[in-house]
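Protein sequences, first through last, are from chains A and B. To convert, count from 1 in the first sequence and add 950; that's the numbering used here. To convert, count from 1 in the second sequence and add 396; that's the numbering used here.
Take the hints with a grain of salt, since some may be wrong.
What the hints assert, rightly or not - In silico negatives: residues of chain A with every beta carbon more than 12 Å from chain B: (1) Asn956; (2) Lys974; (3) Thr1046; (4) Arg1063; (5) Ile1080; (6) Asn1144; (7) Lys1160; (8) Leu1253; (9) Asn1273; (10) Lys1284; (11) Arg1321; (12) Gly1398; (13) Glu1423; (14) Tyr1426; (15) Arg1488.
What the hints assert, rightly or not - Straight-line distance between alpha carbons at most 27 Å, and here's what the computed DSS-like set of lysine-lysine pairs gives: (16) A/Lys1012 to B/Lys569; (17) B/Lys728 to A/Lys1004; (18) A/Lys1012 to B/Lys562.
Everything labelled a hint here was simulated from the structure, so no lab data went into it. The beta carbon of each residue, even a glycine, is placed where N, CA and C say it ideally should be.
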Amino acid sequence: MKITLNGKKIKCEEEQTILQVAKKQGIKIPTLCYSERFHPKSVCRVCLVEVNGKMMPSCSTKVKERMVIDTESQRVLKARKINTELLISEHKEHLTQTKKHELCVLAKDVGVRQTRFSTIGKIHNPNEGIGIARDDNKCILCGKCIQACEMQNVNAIDFAYRSYHTKITPAFEGRIDDSVCIHCGQCILACPVNAIYEKDSIKDVEKALKNKHVFVQTAPAVRASLGEEFGLEPGTLVTGKMVSALRKLGFKEVFDTQFGADLTIMEEATELVERVKKNKNLPMITSCCPAWIKYIEHFYPELLNHVSTCKSPHEMFGAVLKNYYIENSRIKKKNAVVVSIMPCTAKKFEAQRKELNKDVDYVLTTRELARMIKNHRINFNNLKEDNFDAPLGISSGAATLFGATGGVTEAALRTAYELETGKDLEILEFNQIRGLKNVKEGNIMINGHDLTFVVVNGLHYAKELLEQIKKGECKYDFIEVMSCPGGCIGGGGQPIPTTKEIIKKRMQALYVNDENKIIRRSYENPAIKLLYKEYLGRPLSEKAEELLHTKYTKRGI
Amino acid sequence: MKILRKTRFNGLRKAMQMSPEEIKEKIKKSELKGRGGSNFPTGEKIEMTMSREGVKKYIICNADEGEPGTFKDRFILKKNPLNVIEGMLIAARAINSEEGYIYLRGQYSYLKPNIEKAIQAAKKAMKKINITFNFHIIIGGGAYVCGDETAIIESIEGKRGNPRIKPPFPSRKGLFAMPTLVDNVETLANLPLIFTDKNWNDNWRLFCISGDVRKPGVYELPLGIPLKKAIQMARPKNKIKAIYFGCYGGCIPYDENLILDCEPIRKKGAMLASSLILVDETRNILDISAIISKFFEFESCGQCTPCREGNIRVLELLQKISLGKAKRKDLKLLEELCGVIGDTSLCGLGQSSVNHIMKEFKYFKNEFQEKLK
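All chains, full assembly: derive it from the sequences and hints.
Set out below in structure tokens:
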């Protein structure tokens, strides 16, 4: 197909938008409400170009034969400038802020240094939930958060009112906590102006650090992404530096959530084997993702018996620490505080659940940890590498995989195979469930039983499976669901930006980390072995049920 | 009035003896144009909707008449709803549809029993002719933007009435992603007449004349008569200064020699629809301008930047000018802003929300300049 772009005749492929064609030609068109992940809405009106003498949004207009496109005519430049000025007029802080929000960048790109329009100044009360909070005073109404929420099939927020009074809010302008919001935080990653953010727990943690004995545990996904906040390449593993930074911040003992993950695998794999034997409550669905748990509690409470009763790794860790580890030390229980560093905002909600008895006191996201490190003026990149403390810092390679989609399944199968057959798996990598495909399935023969499993990458794709289970048509034995695309490495608490390319790099880092570990199966972890020997007995024992398993609430819509 | 002649399903009976292709050709030949304001040939619209075969299709009767100064659809639905229903059935026959929606403006909900009665009568007639068609009446929430054909579809689907990006046009992908024919009440009411009246032609239109007149109301006038004649019928109070064609059609200064037809008025820069709001010399154009801008500021759906953020600033600048606080640069800014709003808004509402100001600048700029500091 031939088109004319800025006076130059070029060839291009069909079914492409003007924006894509221009990008290939090295022509930059500024955008704001556009995101590769979502269907373009074309509401910000800054990516406009002149097409055959008409103004058209380049993000949603597809090229056609003999189109004449001008991306830099006077008319286009003027329109972009005025529209940016209009957006900026309510948010003048973006003209001076040093933080690089998309709106600041846009203003610079189109050459807006001031606005000629008045500020009318809407005043909204911030809507703070347990996991995430939104400040509508910053909102520029691009609607990306709504699209992110739609993508998760949650639809907790939408536009309300109209004209100048338009705002984005949960139904009936309710609180986030009263809505069906699952706190996954995908809207945070989508927001171009930081109007949605995690509920800040830094203050509470700093206070605890002053006068309590604070334990800290870090999730697998954090070590693969924290470096990005300090200018390192995505996919750089910063485990050692992170541990020393945590020590510098004043955490007394630095442990690894991967220990909890190994423990989860022991319990979950055993549970799976039991359920398969009894052919009861199959398929079994994973329970590590707190956003997913809240989703099913809201939308499919009738299927809760399919969900594994295992607590999530960091909650198991908290329970073990507060009951087993403290008993053997001189620390008083009331002085012990457990902080989890998570890539996730939903974990903040999870930590507040009554049935989990506050075994984890505070949750910090990757971004919050980075903020804390920066606040303390610690030069992260120059830190020495350090190791986790024993015994709750020892973990297997399988546990590392928890950070990526498909990882829980892979880790569980490595152990389930051994539990059933008494033999070790020869090839540990399950390549069919790795990668960023939306739904990945596979099967493995264990003792003559053909165990089928499926991995759901992103909540959007869970609905179909759940409907299948409801109808009794589901053919799988084991289902893994991670709410965020890519798994925890693409979580709502991760550094911004989190794009598909960045997620891929983080994922690769975790796979490499697994390969380099000596222990690669959860049941080989010596600390886990000791824990069962000394304290829990065996998986699914009475003690284990009490500490490591939980129950769910029917929430409804 | 021609439009009020009752056809008693004779039009439908005639249409039933024809093939869909023939019906379409007849409508095309009649040169019936959409009366919702866009003047789009109805026959072509039907043809476009026919082109996708083998899928479910819908018909929507657009009775969300929200344009200020327009009340002809209310008039028709009150006096002759049967013809509208019959028109829907004829169009349904052409595009092979079995389900239709009447989207009634929220403020017209008192007309619902009237329409329901007409539907009951139609069902009896349908039984005799042996066709089936499902009618639904949807009462709108009262938003002006829902008069837009894609916003109507969103609203019927149960969503917020925001306009969609076109293409795809409703004729390919409309209600529930199926081909959909959206037509105005007056257009549909004309369909049976095409089939029963040999002398029918597209020239007779309904005009709603209001403003500074003693006899405001609905007038049926043929296109091509002198504008003066039309205006005299409504008996203006004083000397007329300007004519506003609804809120979105823009305005022109009154000229005795003007002809009431689309082309001459388009040449002057305005759009002839059905609404003529007459403004006489006792009024200030700035005040009228502010009233219209207030309307658009209130009715903007809030989706796209220029319409949402722009219209409130337009209103603000207009108020500043009329208070005598504005400087020359404010006027320039207003002009620039209006240009961008009209050029870049997502839907018809936003694009036409500044039509009136552009035309006021063209014809009555002195009234703005007088007020400058």
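* Asked: Taking 12 Å as the cut and beta carbons as the points, is lysine 1160 of chain A off the interface with chain B?
  -> Nearest chain B Cβ is 46 Å from lysine 1160 of chain A, so the label holds.
* Asked: Can we confirm that no CB of chain B comes within 12 Å of the CB of tyrosine 1426 of chain A?
  -> 31 Å, holds
* For lysine 1284 of chain A, is the shortest beta carbon distance to chain B beyond 12 Å? -> Holds, because the least Cβ-Cβ distance between lysine 1284 of chain A and chain B comes to about 51 Å, which exceeds 12 Å.
* **Non-interface claim for arginine 1321 of chain A, where every Cβ of chain B lies beyond 12 Å** => 31 Å, holds
* To do: Could you check that no beta carbon of chain B comes within 12 Å of the beta carbon of lysine 974 of chain A?
  => 23 Å, holds
* Find the nearest Cβ of chain B to the Cβ of glycine 1398 of chain A and say whether that gap is larger than 12 Å. => 48 Å, holds
* Beyond 12 Å from chain B, beta-carbon-wise, is arginine 1063 of chain A? -> 16 Å, holds
* **Exclusion check [arginine 1488 of chain A not at the chain B interface, CB over 12 Å]** => Per Cβ check, arginine 1488 of chain A is outside 12 Å of chain B; nearest 53 Å; holds.
* Exclusion check [asparagine 956 of chain A not at the chain B interface, CB over 12 Å] -> The assertion about asparagine 956 of chain A holds, with a minimum of 19 Å to chain B.
* Say whether it holds or is violated: asparagine 1273 of chain A keeps its Cβ farther than 12 Å from all Cβ of chain B. => 50 Å, holds
* Given the hint that lysine 1012 of chain A pairs with lysine 569 of chain B, does the C-alpha gap stay at or below 27 Å? -> 17 Å, holds
* **Given as non-interface: isoleucine 1080 of chain A, which should sit over 12 Å from chain B by C-beta** => 28 Å, holds
Violation of the numbered hints given earlier is absent; every hint is satisfied by the structure.
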